[in-house]
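Number of protein chains: 2
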Amino acid sequence: MNKNNLHTNKSTCKVSIVGTGNVASALARHLSAANGIVLQSVVSREITQAEVFTQAYGFSHYTTNVADIQLSDYVLLCVTDAALPGIVARLQPNESTLYCHTAASVGIELFDTSQFNLFGVFYPLQTFSTNDLPNTKEFPLLVEGNTPETTAALLHLAKKITGLCSVMPSDKRLQLHVAAVMVNNFTNYLWAQAQQYCQAQQLDFDLLKPLIAKTAERALNTNQPLEKYQTGPAIRNDKTTIAKHLEILRNFPQYQALYRFLSNSINPKTQQTDE
Amino acid sequence: MNKNNLHTNKSTCKVSIVGTGNVASALARHLSAANGIVLQSVVSREITQAEVFTQAYGFSHYTTNVADIQLSDYVLLCVTDAALPGIVARLQPNESTLYCHTAASVGIELFDTSQFNLFGVFYPLQTFSTNDLPNTKEFPLLVEGNTPETTAALLHLAKKITGLCSVMPSDKRLQLHVAAVMVNNFTNYLWAQAQQYCQAQQLDFDLLKPLIAKTAERALNTNQPLEKYQTGPAIRNDKTTIAKHLEILRNFPQYQALYRFLSNSINPKTQQTDE
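As they're listed, the protein sequences go chains A and B. Just so we're aligned, residue 3 is where the first sequence starts under our numbering, counting upward by one. Just so we're aligned, residue 3 is where the second sequence starts under our numbering, counting upward by one.
Isolated chain A, as found in the complex:
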């Protein structure tokens, strides 16, 4: 094997996937549509899930046992952070197979160099849900290999899925994950809370959709720092409006706490009483 061309000069690459969750599903879907990819084994604790994947994405083999993965160029571990160490311990590593996990906040050192020859990280920076339609837009794939050749092989695979691939070491990936949590998890939470509040108040959440669309459009397209677009009662320290809003929220302690905390974060003066 010429290590300088690890997997990158093969006409087809064999890929196996461990896991059948949202990330596994998204990667399987993209890889099954890519050129030069053969989907080999899919591994799931649930045999019926593995069968579904085999049918849906054209894997040639399925199993509930990670030790049974058929010979592959790449094995992608798409399981929860907590499940990763157990999976890795049960793998029977092959010298010419590249093993990688897809977790944002787990370092490359998950793989023990005494056990694994070729390993790395293959992290898709996107939110996936099995209910979603296939992604038509590109998303970043951030890779990290244990050697330059492994990194090149991971980039080779990433480029089959997206044009937005780059190399990022574990420490930066972990830092970036914090920001991803803020713009995705926390944002979805805010909007979900607003939706529930609207239901409770018998207000039509759809009325807010043009506002959500504009807020996002601006964040995606502006060259200005987003703090320049901060409007609303908190930033202008409009205590009268904030008091009205907190009064409206008096029967919704969770929304009230959220409103109070975020208003105070935006502008600490909102909590001062005027004397």
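If you're looking for bench data, these hints aren't it; they were derived computationally from the structure. Here the structure is a predicted model, which is why all the values come from computation and not from measurement.
If chains are identical, the list can't say which one is meant, so a pair holds when it fits in one copy or spans any two.
Here are the simulated DSS-like pairs of lysine-lysine, each with C-alpha atoms no more than 30 Å apart in a straight line:
#1 K211 to K162
#2 K230 to K211
#3 K241 to K230
#4 K241 to K271
#5 K174 to K211
#6 K139 to K16
#7 K216 to K230
#8 K246 to K174
#9 K271 to K230
#10 K162 to K174
#11 K162 to K216
#12 K139 to K162
#13 K230 to K139
#14 K139 to K216
#15 K241 to K174
#16 K174 to K271
#17 K211 to K161
#18 K211 to K139
#19 K174 to K161
#20 K161 to K16
#21 K139 to K12
#22 K246 to K216
Mind docking chain B on chain A? Use the hints.
Showing chain B alone in chain A's frame:
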């Protein structure tokens, strides 16, 4: 004057605007492009601002004195909540002119029935910025009049700007404003914080844009409750990842407090220690 057809059967309506901020600018821009609208007076404390508006949107008159507004069918008060009472006190109300404010959290009772004959609220539920390009997409315009005829006249004006107009009383508008603050002000704040954090960590914020786009796209298009799309370390009570993230944020107390508060809101179990 036939009150049943207040302003609605005129071939042209004369509109004056008090204020030259973001809302005034957006409404002037839309009204100047609408059919059957003549922009009459624009009022600003800053004479140069009033001149700029006159030139940009084709007002026929400008002044710094609200008592000098030329005879109009509609007068839109587009000033801050705090400035409204002072403006209203200085108006010299005309019996056949419809006066309305554009504030989310101010009730229709701003106008004293002993002083004003026709009055109401003309609230655009959107975020505006003078740096923005003209809005091509529609946004809700929520109106409220002191009589059915006034309400009809406000709807007549609103329909010249958007297809999404409806009637909403002051108490519901105030409730809706709370949700608007959540989906716009609080969201922009989260994203601005994420952007500043990325700068501090020398991470490319643009990497997060496909994630922001997907998060928004899903909220705008799904029929599912948004809480079904809640992912991330908090909802799955992944204390290991949360601890890593809080450690990364130790030198950023503001981001750390935000992260801790929102994680705990999403899932109160994240704060419990496992014993």
